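*Asks:* The residues making up each chain are set out below.
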Amino acid sequence: MSAHSRIDARAARWRPGPTLRRLALTVLGLALAITATLALEPYRAYQAAVVAAYLCATAGLTLLVGRGGQLSLGHAALMAAGAYGFGLTSNALSAADVAGPVRLLVPLAVGVASAAALGALLGAAGARLRGPYLAGLTLAVVVAVPAITSTFSRTLGGDRGLWIEIERRPEALRPYVGAEQWQAWVALAAAALVLFVLGNVGSGSAGRQIAAVRDDEAAARLAGIDVTRVKVATFTLSAAAAGLGGAVLAYVTQIANPGAYSLVFSLFLVVAVVVGGLGSLAGAFWGALLLVALPELTSSVTDALPVSAGLAQRLDGNLAVLVFGVLLIVLMIAAPRGIQGALTAARRRDMRPRRPARGATPAPGPAAQTQGDPAARAPTAG
Amino acid sequence: MSRSSPATAATERLSLHNVSVRFGGVQALDQVSLTVSDGEVVGLIGPNGAGKTTLFNVVCGIVRPTSGEVRLGGTPQRPVTHRLVRDGVARTLQGLGLFAGLTVRENVMAGLSSTVPGMAAAAIGAHRMLRHDREAARRAEDVLDELGVLDAADRRPGDLPYPVRKRVALARALVSEPALLLLDEPAGGLGAADIADLARTVRDLAATRGCAILLVEHHVDLVMSLCDRVAVLDFGRLIADGAPQEVRADPAVVDAYLGIEAPTAPRASGGAA
Chain A
66 MSAHSRIDAR
76 AARWRPGPTL
86 RRLALTVLGL
96 ALAITATLAL
106 EPYRAYQAAV
116 VAAYLCATAG
126 LTLLVGRGGQ
136 LSLGHAALMA
146 AGAYGFGLTS
156 NALSAADVAG
166 PVRLLVPLAV
176 GVASAAALGA
186 LLGAAGARLR
196 GPYLAGLTLA
206 VVVAVPAITS
216 TFSRTLGGDR
226 GLWIEIERRP
236 EALRPYVGAE
246 QWQAWVALAA
256 AALVLFVLGN
266 VGSGSAGRQI
276 AAVRDDEAAA
286 RLAGIDVTRV
296 KVATFTLSAA
306 AAGLGGAVLA
316 YVTQIANPGA
326 YSLVFSLFLV
336 VAVVVGGLGS
346 LAGAFWGALL
356 LVALPELTSS
366 VTDALPVSAG
376 LAQRLDGNLA
386 VLVFGVLLIV
396 LMIAAPRGIQ
406 GALTAARRRD
416 MRPRRPARGA
426 TPAPGPAAQT
436 QGDPAARAPT
446 AG
Chain B
2 MSRSSPATAA
12 TERLSLHNVS
22 VRFGGVQALD
32 QVSLTVSDGE
42 VVGLIGPNGA
52 GKTTLFNVVC
62 GIVRPTSGEV
72 RLGGTPQRPV
82 THRLVRDGVA
92 RTLQGLGLFA
102 GLTVRENVMA
112 GLSSTVPGMA
122 AAAIGAHRML
132 RHDREAARRA
142 EDVLDELGVL
152 DAADRRPGDL
162 PYPVRKRVAL
172 ARALVSEPAL
182 LLLDEPAGGL
192 GAADIADLAR
202 TVRDLAATRG
212 CAILLVEHHV
222 DLVMSLCDRV
232 AVLDFGRLIA
242 DGAPQEVRAD
252 PAVVDAYLGI
262 EAPTAPRASG
272 GAA
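Protein chains in written order, with this note's numbering: chain A, 66 to 447; chain B, 2 to 274.
For the record, the hints were derived by calculation from the structure and aren't laboratory data. Predicted model only: the values in this text are computed from it and were never measured. Take these hints with a grain of salt, some might be off.
Across the chosen pairs, the derived CB separations fall in these ranges [said to hold, decoys possible]:
| hint | chain 1 | residue 1 | chain 2 | residue 2 | range |
| --- | --- | --- | --- | --- | --- |
| 1 | B | G119 | A | V391 | 39 to 47 Å |
| 2 | B | R84 | A | R195 | 18 to 26 Å |
| 3 | B | Q246 | A | A189 | 33 to 41 Å |
| 4 | B | R157 | A | R195 | 36 to 44 Å |
On the chain A side, residues computed to face chain B include the following (Cβ under 8 Å) [said to hold, decoys possible]:
| hint | residue |
| --- | --- |
| 5 | T84 |
| 6 | A212 |
| 7 | N265 |
Every beta carbon over 12 Å from chain B, so not counted as near; a handful from chain A, in silico [to be verified]:
| hint | residue |
| --- | --- |
| 8 | A160 |
| 9 | S215 |
| 10 | F330 |
From the three backbone atoms N, C-alpha and C, an ideal C-beta is built for every residue, glycine too.
Whenever a hint applies, use it, and build me the whole structure from the sequences.
*Replies:* This is the structure:
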């Protein structure tokens, strides 16, 4: 019955994702991305910054929905919390004549903290509400954003939004680095931080617990998992990532306005992570890219179409929605695991012929050497 | 270190004292007292609806008793489900409750969740998190190997035949090396060979590790041959509690339960419980 000799070679080599390697990869990726922005025109650099800001939110959302099985339709509201938290703090610091890195980092931290606090509340509710009820609650929160901003219009700027006095790029960099490049750097650094943290969480025991809670709550409890705590922690973490995304977006656009965090945008975020590939951070990247690229593509299409200016303008706003919807349907039929799922499957197909047959290489498992108590395995007579 | 004769040590691992549970108008458990000692295998039988699962749920903190007391290792407890593993209690579920999105190895590693460092440690990928994962993976592989299903470590539960899944569920309960093991219909849906393996595993756990085992099972032959003691529930009341041969001969038991299911006929294999 023993399977020592047949243990999969892959299993013998199995290791949890080492933090240092992830850190090195993140730093390297960030360095490459930062270098690449130098080659971009200002507008493209700005777009890269927006993609990075969206990536913070989609990465957080994909952890929550894909791993945690908790559907949030309100992530735009969490981004808004981050944006307004950032804006109010940045303005307050500016009014107090505070400048320097503090005026960038403290508002970012406050943005993250505001979103995380709201996320913790939603998570606590989510620990009691299931599926559609939680989704309904998060929907209510995102619908409430414009009402909140207009109720407190003196502080939050109402419908027109809150103009934000921001910390610009350091003096020393100004001759070499454009404003948009600098914004992209900040956004990319934020995205790198989010990917590093969520990568750590997703790869280890914490990610396993999050998935276990999604799959079977009763069994998760019996396995020793504090289901409520895991749910609240997942939602809080996801919200913090979205909050950082919102704060970065506020920094990049220098405004926090309710129109940017609408219900439609919130739904777009969900569609983006599904289309990108639910549960995977790479999928979150594809989703964020689509969120920026699709409206641009559709507007270039409407520009090219021989239609009247009025119609083109109306199409401009709505065509992206239509294309997103169609894309979702097509992808769910063609690649139910999203873009990243399709890419992974394609790579596997490429690899297959070259790989030796499964289990062909007999390797003694680590279990063989480290077996603790031989008596425990000794067969006893019945 | 295994005890030479754990039965004589007889430390009381689990005891219920006059436990009653009432759901609305239904008396699910009525003044039930039961003990399971270290190294002892106790079978809990009774017709459907007799309160067997309710009794498990009381021990696991899923159902609060209306009155009565639960003691673990001699100390009175108000069991909290997710703290049971830390208190040395593990339970398998009738429906297995395997995590479909995790591999078999990860499913078993999840059984060690009570010792996982917090989310903050996870976020920064702290060293102790990685060490925990390595240790958990090693222990999971050990248990899977003991149960003869290490081959399946990288597969998902959904891809495996029912008897293998059943062993994975058992492995998840065993990985924390519990002092008290609650098995909910461990033989349900298994064939003769798998049942023999199961019986060997259970006896081994009790004899060499001194594990206290309480099992709910419909397979009467298995219960009678495997258990040191058999307790019979009927309509929430404990109507018998003693050695298998005594219980088997008890007219009240025959009336309530044994007469219904021909105890001599071996149950057909296959078919999920």
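*Asks:* Determine for every hint whether it applies to the structure shown.
*Replies:* To see whether the hints hold, each was checked on the structure:
Taking 39 to 47 Å as the suggested C-beta distance range, the pair G119/B and V391/A conforms, at roughly 43 Å. With their beta carbons about 23 Å apart, R84/B and R195/A fall inside the hinted range of 18 to 26 Å. Between Q246/B and A189/A the beta carbons are some 54 Å apart, a value that contradicts the proposed interval 33 to 41 Å. About 24 Å separates the C-beta atoms of R157/B and R195/A, a value inconsistent with the hinted range of 36 to 44 Å.
Among the interface hints, the one on T84/A holds; its C-beta lies about 3 Å from the nearest C-beta in chain B, closer than the 8 Å criterion. A distance limit of 8 Å between C-beta atoms decides the matter here; for A212/A the minimum to chain B is near 32 Å, and the interface restraint is violated. Because the closest C-beta pair between N265/A and chain B is about 4 Å apart, less than 8 Å, the hint holds. With a least CB separation of 33 Å from chain B, A160/A remains clear of the 12 Å interface cut-off, as annotated.
Against the 12 Å criterion, S215/A stays outside the reach of chain B, whose nearest CB is about 36 Å from its own CB. Remark: the non-interface label on F330/A is consistent with the geometry, its nearest Cβ contact in chain B lying 27 Å away (cut-off 12 Å).
This entry does not satisfy hints 3, 4, 6, going by the numbered hints stated previously.
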